[in-house]
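Participant: Residue numbers (the numbering used here), protein chains in the order written: chain H, 39 to 163; chain U, 4 to 364.
These are computed hints drawn from the structure, not numbers from a lab.
Backbone N, C-alpha and C define an ideal beta-carbon position, used for all residues, glycine too.
Just to be clear, a hint being listed does not mean it is correct.
Chain H stretches covered by chain U per the calculated footprint, using a threshold of three residues with CB under 8 Å from any CB of chain U [unchecked claim]: (1) 75-82; (2) 101-113; (3) 130-144.
Ranges of calculated distance between the beta carbons of each label pair, as one might list FRET restraints [to be verified]: (4) His92/H <-> Gly292/U: 35 to 45 Å; (5) Ile204/U <-> Ala109/H: 22 to 32 Å; (6) Ser358/U <-> His92/H: 41 to 51 Å; (7) Thr331/U <-> Glu150/H: 15 to 25 Å; (8) Ala121/H <-> Gly257/U: 30 to 40 Å; (9) Gln105/U <-> Arg79/H: 41 to 51 Å; (10) Ala300/U <-> Ala69/H: 29 to 39 Å; (11) His278/U <-> Glu70/H: 27 to 37 Å; (12) Ser116/H <-> Arg122/U: 51 to 61 Å; (13) Arg84/U <-> Glu150/H: 38 to 48 Å; (14) Asp105/H <-> Gln87/U: 54 to 64 Å; (15) Ala121/H <-> Ala123/U: 39 to 49 Å; (16) Pro78/U <-> Gly133/H: 36 to 46 Å.
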Amino acid sequence: MQQAIPYRNRAPTSSPPAFALDGRSVREQVAEKAVVVFARRGCCMCHVMKLLLHGHGVYPSIFHVDDHNEAEVNEELSKIIGAAAPQLPAVFLAGELFGGIEKIMGAHISGELVPRLREARALWL
Amino acid sequence: MMNSTSTHFVPSRRMGIYEPIHQMGMWVDFKGNDCLDASPPMILEVDPKLDNQSEDTSHGTVGPSHKYDQEASKPPKVLRRLAQNREAARKSRLRKKAYVQQLESSKLRLIQLEQELGRARQQGLYAGSALDASPLDYAGCTNPGIATFELEYGQWVEEQDRDLSDLRDALHSSETRDSELQKFVDDGLRHYFELFRMKAIAAKTDVFYLMSGMWKTSAERFFFWIGGFRPSELLKVLLPHLEPLSEQQCLDLGNLAQSCQQAEDALSQGMEQLHLIVGEAVAKQLGEGNYLPMVGAAIEKLDDLVRFVGQADHLRQEILQHILRILTTRQAARGLLALGEYFQRLRALSLLWSSRPRESS
Numbered sequence: 039m040q041q042a043i044p045y046r047n048r049a050p051t052s053s054p055p056a057f058a059l060d061g062r063s064v065r066e067q068v069a070e071k072a073v074v075v076f077a078r079r080g081c082c083m084c085h086v087m088k089l090l091l092h093g094h095g096v097y098p099s100i101f102h103v104d105d106h107n108e109a110e111v112n113e114e115l116s117k118i119i120g121a122a123a124p125q126l127p128a129v130f131l132a133g134e135l136f137g138g139i140e141k142i143m144g145a146h147i148s149g150e151l152v153p154r155l156r157e158a159r160a161l162w163l
Numbered sequence: 004m005m006n007s008t009s010t011h012f013v014p015s016r017r018m019g020i021y022e023p024i025h026q027m028g029m030w031v032d033f034k035g036n037d038c039l040d041a042s043p044p045m046i047l048e049v050d051p052k053l054d055n056q057s058e059d060t061s062h063g064t065v066g067p068s069h070k071y072d073q074e075a076s077k078p079p080k081v082l083r084r085l086a087q088n089r090e091a092a093r094k095s096r097l098r099k100k101a102y103v104q105q106l107e108s109s110k111l112r113l114i115q116l117e118q119e120l121g122r123a124r125q126q127g128l129y130a131g132s133a134l135d136a137s138p139l140d141y142a143g144c145t146n147p148g149i150a151t152f153e154l155e156y157g158q159w160v161e162e163q164d165r166d167l168s169d170l171r172d173a174l175h176s177s178e179t180r181d182s183e184l185q186k187f188v189d190d191g192l193r194h195y196f197e198l199f200r201m202k203a204i205a206a207k208t209d210v211f212y213l214m215s216g217m218w219k220t221s222a223e224r225f226f227f228w229i230g231g232f233r234p235s236e237l238l239k240v241l242l243p244h245l246e247p248l249s250e251q252q253c254l255d256l257g258n259l260a261q262s263c264q265q266a267e268d269a270l271s272q273g274m275e276q277l278h279l280i281v282g283e284a285v286a287k288q289l290g291e292g293n294y295l296p297m298v299g300a301a302i303e304k305l306d307d308l309v310r311f312v313g314q315a316d317h318l319r320q321e322i323l324q325h326i327l328r329i330l331t332t333r334q335a336a337r338g339l340l341a342l343g344e345y346f347q348r349l350r351a352l353s354l355l356w357s358s359r360p361r362e363s364s
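Build the full structure now, drawing on both the sequences and the hints.
Facilitator: See the structure below:
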C-alpha cells in the first residue's frame, strides 16, 4: 500500500494554458516538475499513463500538445534531450526523459518505477 | 479456415535453412538445378508474396549439404525429430498450396459477384451496396495481410502443439536435465514472442480484425481482452501448477500479480476512453447527411487502437518473461506446459461445442 505524498511545487499541477506555450514553458515544466507528461489532448495512452502513476500516488503535470504548438514543443523537447523528439505521450522525470507508455508499463511491471519516482522526488517514503 | 486436425505439422522456420533440401532425398546440386521430382513443382508455383518462409531454393549454399551429411552422426531422437520436421514441412507446403488455390478461386468468385452486382444495380434491381458489411468476415478473403496472418497463425498453433508434446515427454522423463528443460523454456518463450511479432504486423493491416478475435477459436474469444489473452488470467492459470513455491517466489509472484492487474485495469480504462472518443467523433452532428468529416476524424483516433493492441501484447510479453524469471527451470517448464495445454483445451472446447448434436425442435 503506497502512502505517498506527491511532490508539490510552486506551480499548479493543472496543465498550463494552451495559448501560452512556447519553448521556455516547455523547458520550465521539464526543469521544475518532478514528473511531466507531454501528450496530445484526448490521448488515450496518456490516460493509461496517468492511471498507472496515480496508482503510485503520483499526480503528474500534463502538458497538452495540439496542432498549433506541436512543432514548437517537439523542437524544444528534442533540444532538451539532444535527440529526435520522443513519441507522445512522453514522461519526464526530474528533468530527464524517462520514456513512453511502453517504458512506464515495463517499469511498473518490473518494479523499477517506484524507485525511479522516488529518485525524482515525485514520491516521498 | 485453418482448423487443422493434424498435429504433426511443423513449419521449417525453426530449422533456419530450407527444409526441402533434406526432404527431397538426394539433391544433386544445391543451386537448385538438378533435383529429384519429389514435390518441387508446388514450391515453385507458390505466390511469392504469400511466401513467408525462405522457400527460395536458389539460395542453397554449402551449409545445408554439410548439415545433411552430418545427420547420420546425430542421436536417434534428433534424427527422428528431423525426419518428422521434414515430413511436417512437406505437409505444411501442401496445405499452403491448397490454401492459396482456394484464395485465388475465392478472389475470382468475388470479382464475378461484384460485377454481377454492379450490373444488377445499374438495372435498378438491387439498392444496396456491395460494400455493406456482411455478417461473415471478408477480411480473410480480401486482405492479403490478414490472409497471411491466418496462415501463419495456423502454422504457429501446429508448431505449438508439437512443442508441447515434446515438452511433456521431456518433463515426464527422469533423464531430462535442467539444461534441456531450459532450452524448452527459452524456445517456448521465443515462440510466444513470434506470435506477438506476427500480431503487430497484422494490427497495422487491420486492427479491427485482430481485435475481433476471429483468428482464434470461439472459447478463446470468450476470454478475449484487447486482442488476446488476459495477462492476469495467465497468472491465475499457472499458479496452482507451480507448487511448491518458496516464500520469496510467492512474494514476487504476488507483487507481479498486483502490478499486472493494475496495468491491465489502466489499459482497460484507456480503452473505455477510446470508445468514448471514437463514439463521440462518429456521433457528431448527426442528421446532416454529410458523414465524411466525422468518419474521417474517427478514423484518425483509431490509430490509438493499434497502440493499445501493441501495449496489451507488450504487457503479455512482460508478464510471461517475469513469471519465468521468478521460477526455477523445472517450474518454468511445467508452467509453460500448463499454459499451452490450457489454450489447447479452450480450442478443444470450441471444437466440441461447434460439433455438439443440435437438439431437434
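Participant: Each of the hints needs a verdict: does it hold here or not?
Facilitator: Hint check:
no. : hint                              : verdict
1   : 75-82                             : holds (count 3)
2   : 101-113                           : violated (count 0)
3   : 130-144                           : holds (count 4)
4   : His92/H <-> Gly292/U: 35 to 45 Å  : 42 Å, holds
5   : Ile204/U <-> Ala109/H: 22 to 32 Å : 31 Å, holds
6   : Ser358/U <-> His92/H: 41 to 51 Å  : 48 Å, holds
7   : Thr331/U <-> Glu150/H: 15 to 25 Å : 23 Å, holds
8   : Ala121/H <-> Gly257/U: 30 to 40 Å : 38 Å, holds
9   : Gln105/U <-> Arg79/H: 41 to 51 Å  : 47 Å, holds
10  : Ala300/U <-> Ala69/H: 29 to 39 Å  : 35 Å, holds
11  : His278/U <-> Glu70/H: 27 to 37 Å  : 35 Å, holds
12  : Ser116/H <-> Arg122/U: 51 to 61 Å : 57 Å, holds
13  : Arg84/U <-> Glu150/H: 38 to 48 Å  : 40 Å, holds
14  : Asp105/H <-> Gln87/U: 54 to 64 Å  : 58 Å, holds
15  : Ala121/H <-> Ala123/U: 39 to 49 Å : 58 Å, violated
16  : Pro78/U <-> Gly133/H: 36 to 46 Å  : 59 Å, violated
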